[in-house]
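Once you have looked at the hints, place chain B on chain A.
Line by line, the protein sequences give chains A and B.
Terminal number for the first sequence in my numbering: 880, no gaps in between.
Terminal number for the second sequence in my numbering: 111, no gaps in between.
Just so you know, not all the hints are guaranteed correct.
[To be verified] In silico BS3-like cross-links for lysine-lysine, where the CA-CA straight-line distance does not exceed 27 Å:
#: 1; chain 1: A; residue 1: Lys36; chain 2: B; residue 2: Lys41
#: 2; chain 1: B; residue 1: Lys87; chain 2: B; residue 2: Lys64
#: 3; chain 1: B; residue 1: Lys77; chain 2: A; residue 2: Lys36
[To be verified] Just the calculated beta-carbon pair ranges, DEER-fashion:
#: 4; chain 1: A; residue 1: Ser393; chain 2: B; residue 2: Lys98; range: 37 to 43 Å
#: 5; chain 1: B; residue 1: Glu80; chain 2: A; residue 2: Ala445; range: 43 to 49 Å
#: 6; chain 1: A; residue 1: Leu124; chain 2: B; residue 2: Lys64; range: 21 to 27 Å
#: 7; chain 1: A; residue 1: Pro125; chain 2: B; residue 2: Ala83; range: 34 to 40 Å
#: 8; chain 1: A; residue 1: Ser302; chain 2: B; residue 2: Pro25; range: 55 to 61 Å
In case anyone wonders, no lab produced these hints; they're calculated from the structure.
Cβ atoms here follow ideal geometry from the backbone N, Cα and C, with glycine treated the same way.
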Amino acid sequence: MLNDLRLRLRSFFHRDSVGSELSDELRFHFDQQVQKLTASGVPLDEARRRARLAIGTRDQIHEEFRDATGVRFVESLLQDIRFALRMLRKSPGFTAVAVLTLALGIGANTAIFSVVDAILLKPLPYPDANRLAIVLSSFGNEHRAPSSGYAFEQMRQHSRLFKQIGGIWVTNATIVGTSDPQPEGIKLAEVTADFLPLICNRPALGRFFVQQDAAQRSSLSIVISYGLWRRKFDADRSIIGKPLHIGDNSLTILGVLPQDFRLIFPDDASVPETPDVYILLSGSKFTPGGPAFLHLVGRLRSGATIAQAQSELDVIAGQLRATVKSYNAQNYSLQVIPFQQDDVRNVRSVLVILFGGVGFVLLIACANVANLLLARAGSRQRETTVRAALGASRGRLVRQLLTESIMLAFFGGMAAVFVGWAALQGLLALRPQSLLHLGTIRLDAVALAFTFIVALLTGIVFGVAPALATTRLDLTTGLKSTGDGRFSPKQGSKVALILCEVAVSFALLTGTGLLVRTFVSVLHVDPGFQPANVLSFTTLGGDYPFLHQLQQNLSAFSGVQSVSVVSHVPLDNGGPGNWYEYYWPEGASSEQQNTAMADYRSILPGYFKTIGATMIEGRDFTDTDDASHQHVIIVDDALAKSAWPGQDALGKRLHISDSPAGWYKFQDDWGVVVGVVHHVQYHSLTVMVRPQVYEPYQLAPRPVSFVLRASAPLPSLIAPIRGQISKLNKTVAVTRFIPLSELVAEARSQTRFITFLSGALAGLALLLTCIGIYGVTSYLVKSRTSEIGIRMALGASPRDVRRLVLRSGMAPVVFGCLIGIALSLPLTPLLAALLFGVRPMDAPTFAATALFLCGVGFFSCYIPARRAMKVDPLVALRYE
Amino acid sequence: MPANYLELPQGTLDLLILRTLALEPQHGWAISERIHQISSKVLLVQQGSLYPALHRLERRGWIKSRWGASDNNRRAKYYELTARGRKQLEAETSAWEKLTTAVAQILDTAQ
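In isolation and in its complexed conformation, chain A is listed as follows (with noise of 0.2 Å):
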C-alpha cells in the first residue's frame, strides 16, 4: 500500500527527522502526565518518577518502532556489508583467490549463456518472429525437401491459417559490369510476391515486389542488398529506376534492403545469408510436376497454432495427392515446423550439454570457495562465539556471514563480467562457420543481469554451508582455543567437498575424452578424395564449348595436373542448392521405383582423377558422351550394391533424370552403367546421406565449378586462371576460388571447436579441483600437525607420515573417482549425437579418465605429505 511505502521510505531517508518527531510526541505525553498528577497533589519530583514508570523506556519505543517501519533491518544490513567488506579487506590472500575462482567459474557461465541467448532464446530479427514457420515437403524418404511451385500455389490460395506465404531459391548469376571490366558473381535469389515482406518490415529505399507485379510478368525489376548498393553503387540515394545488367538482361532497380536484414534459414536449405539481388519468380514454373525447389516460409495468424497449421496442410497435401499422380506414388505430405526451432535443431543439443557443462564447473569453484571459508571459519570462531554470547540470535549470524558470502560473490561477479567478455571474445574467433550465422552474440544487458543473478545464488550456495557450520557451537568450547585430534564437522564437510569435486571433474573430463576420441576419428575419415593440392572455382556463365576449351588450356598450364568440373563440389556448403532425384534399377516393381534418391552430378571427363577418387571397375567418361550416343552414367559403390546387390553394376539400366535440352529442363531417362567409383562425402565427414549417379555434362547441363589438381603452390595459380577465362569470354565470371583441403578442414571445424571448448572447460574444472585437492590436504597436514608429531615421537618414519597424508588425501580422490562413473553413465549418452567412431559407455575412455584423475590427485597431495615429513615432533608438540 503506497500509505505504508510512503511511510517506510520515509522514516529510513529522514532517519533523524522522524526520530526527533518521535522524541517529541513521547516528551509531550510524559509531560501531560506530570501535569496531570501534579494538578491531582501529587509534588513534582514524585509525578516525574511516576510518569517515567508509566511509560517506560524511551528507546525502547525508538527500537520497536524502527523495528517496525523495517528501518532496522535495512540498518542491520548496511552494517553487515560494511563489517563483511572491512573483514574481506583484512585478508586480501583470501578475498583475491576466492574472488579469481569464483570470476573463472561465474564468467564462463556469462559466456556461455550469451551464445545461448543468442542462438536459441532471442527471437530471429525479423518482425513478428514467434508466428514465422517453415513448411517442408516430404517425398519418399526424403523429409525435409523444398516444394514445388504449384504446391506453394496451392497452399497460398487454400491455407487460411497463413496470413502469408513465400518461397526462395537461390543460384547464382553475373553482374556485367559497366565500369567494371571483370563480370561479378553473385548470388540471386528468385522470390514469390509475399516473401520480402513477409520477413522485412520496410526497404532502406523504393519498394518490394506486390502482387501486382507478378501478374504483369514485371519480372525485370529487382531489390537489392545494401551492401551491393555500397559496393557497386556507392550509396547513391537516386538508385531507384536505375538500371542493373545481369546476364543477358538489364534489370530496374526497384528497391534496396536494410542494411541489418539478413536470411537466418537452416543449413540443409543452402540459402546464403545476404543474396545480393532478389527478383520475381516467373509463373511459368508452376505446373503440376514441375521440380521442387522453393523453400517456402509462412507467416500464421494471431491464435493460430502449428497444429492447427499442421492439420490444414495435411489437407492441403491430401488434395495434391489426388490431384498429381506422381506425388501420391511418393507419399507426399507437408511439414510445418516454427522458424527459429529448425533453424537451431542442430545447435540445440551442443549448447545445452555446454551450458551444463560450464554450470559443473560452476559447482567446482563454489565447492572450492566454500573450502576457503571454512579454512576460515577456524579463525573467526573466537569472534562468533563473542557475538553470540552478547546475545546475537544464530540467524543474526548466519545472516552476517551470508552477506560476507554474497560481497564475495558480488565482486566475483564483476569480475567475471571482465572473464565473460574476454571468454566470448575467444570464441566468437573460433567459431565454426556452420555456428557463425545464428544471431549476434554479444554481452548485452541480459548476461548482465544473469552474471549477477548467478553471482547471488552462488553466494548463497557456497555461503549457507560454512555459515551454518561456523555458527553451530557451543559457546565455551569455541571460547577456549585448543582443538582437538577429532575429525571435525568441519574437516569431514571439507573432505565431502572435495569428493564432490572429484565427480563432477571426472564427468567433464570423461565428455572430453569421448570427444576427443571423436575428433581423431573425423580426423582419419577417409573422405572418398584426396583434397591435398587441389583447388576448385566457380563459373558463372559459360557454355559447354566454354567449359571445353577451358579444361584443356588450363591442364596445359605447367604445375597443372588434372582438370576437370563438377556440378557440386563435395563438402562445399555454399554452393549451388543439392541436385537429387529418384532412381531404380531396370525391372524394379512398382513399390521400388520412386522410393530411393539418389544425389545427382554433372561432371566433364577427368574429374574422378583430378579429386583422387577411386575407380573402382570400368571407365571414366570421355568426350564422346554426349546426348547423341548412348546414354551413360557412373554409379558409386553405395548404388551399385543397394540396386543390383550381388551383381556386377556394369552394363546395367537405371532411371534418372537428366536434362540434355538444357539447364533445369529435366526429363526422365534411362542410363547404362559403364563405370562405379567408391562413394565420395558430399554433405559431412561422418554420414553418408544418400549415394550418387553421374552424369556427363552434356546430358544435364547446369552451373559448375572447375576442380584443379596441380603440383605448383595453389593461390600461384589463381591470377593465370582469371587471365585464361578473360581471354576466352569476357561475360564469364568466376568466384570462389577454395582449395578442397580448407573445405575439408571446414566439415571438421565444428568438432574441432566443440572438443576444443569442452577441454577448455574440462581443464578449468582440472585446475580447480587440484587447487582445491592441494588447499584441503594442507589444512589437513595443518589441523593434524599435533597427531604427526606424537606418531613421529612414538617411531614413526618421515615416510610413514608421508603415506599416511598421501592415504588421507587419495582417499577422496579414489573415491570421487567412484562417485564419478557413477555420475557419468547416465549422462554421457547425452551426447551421442555428437559422438562418431566411439560409443558413450566407451570402457578405454572411463579407465583412461580415472587413471589421469587419480594421478593429478596424487600429484596435488604429494607436496602437502612432503611438508608434512618435515614436521619436528618437538615444535608439533608444543604446537597448541
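Okay, now just chain B, sitting in the frame of chain A:
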C-alpha cells in the same frame, strides 16, 4: 505493573483507538487518558503499546496524523480517522460484538 490493571490484547487496542478517534481528532496522551477514564480506570494503555499501535494504524491508512497546538498551546501530534478507518471501525465493531455474543453464550451454557 499494578495487579488490578488488565493487559489488552493487540487487536482490541486498535479497535479502542479507532473508536476513541471516531468522535474527534486527539493526540496520543489524550487517547490513552480517554480509554483509561471511560473504562472506569480498568484499562491502562502503556506507551510501549500505544505508540507502536498508532504508527501501525497510520501505516495501514486508517488514521492520519498532523502536528498541531494542544489546549495548553504546546506542539502535539494529532491523529484522526480516515474514511477507510471509519469503515474499518464499523467492520471491527460488528466482528467484536459477534465474537463476544458467541463467547457469552458458550460461557452461559457451560455452567
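For each hint, the structure was consulted:
Only pairs whose Cα atoms come within 27 Å are accepted, and Lys36 of chain A paired with Lys41 of chain B is accepted, the gap being roughly 15 Å. The straight-line distance between the Cα atoms of Lys87 of chain B and Lys64 of chain B is roughly 14 Å, inside the 27 Å bound, and the hint therefore holds. For the hint linking Lys77 of chain B to Lys36 of chain A, the alpha-carbon distance of about 19 Å falls within 27 Å, and the restraint holds. In this structure the supplied range 37 to 43 Å holds for Ser393 of chain A paired with Lys98 of chain B, their Cβ-Cβ distance being about 40 Å.
At roughly 48 Å, the beta carbons of Glu80 of chain B and Ala445 of chain A sit within the given window of 43 to 49 Å. At about 55 Å, the beta-carbon gap between Leu124 of chain A and Lys64 of chain B misses the expected band of 21 to 27 Å. Distance hint check: the CB atoms of Pro125 of chain A and Ala83 of chain B are about 53 Å apart, inconsistent with the given range 34 to 40 Å. The given range of 55 to 61 Å is respected by Ser302 of chain A and Pro25 of chain B, whose C-beta atoms sit roughly 57 Å from each other.
Against the hints set out earlier in the document, violations occur for numbers 6, 7.
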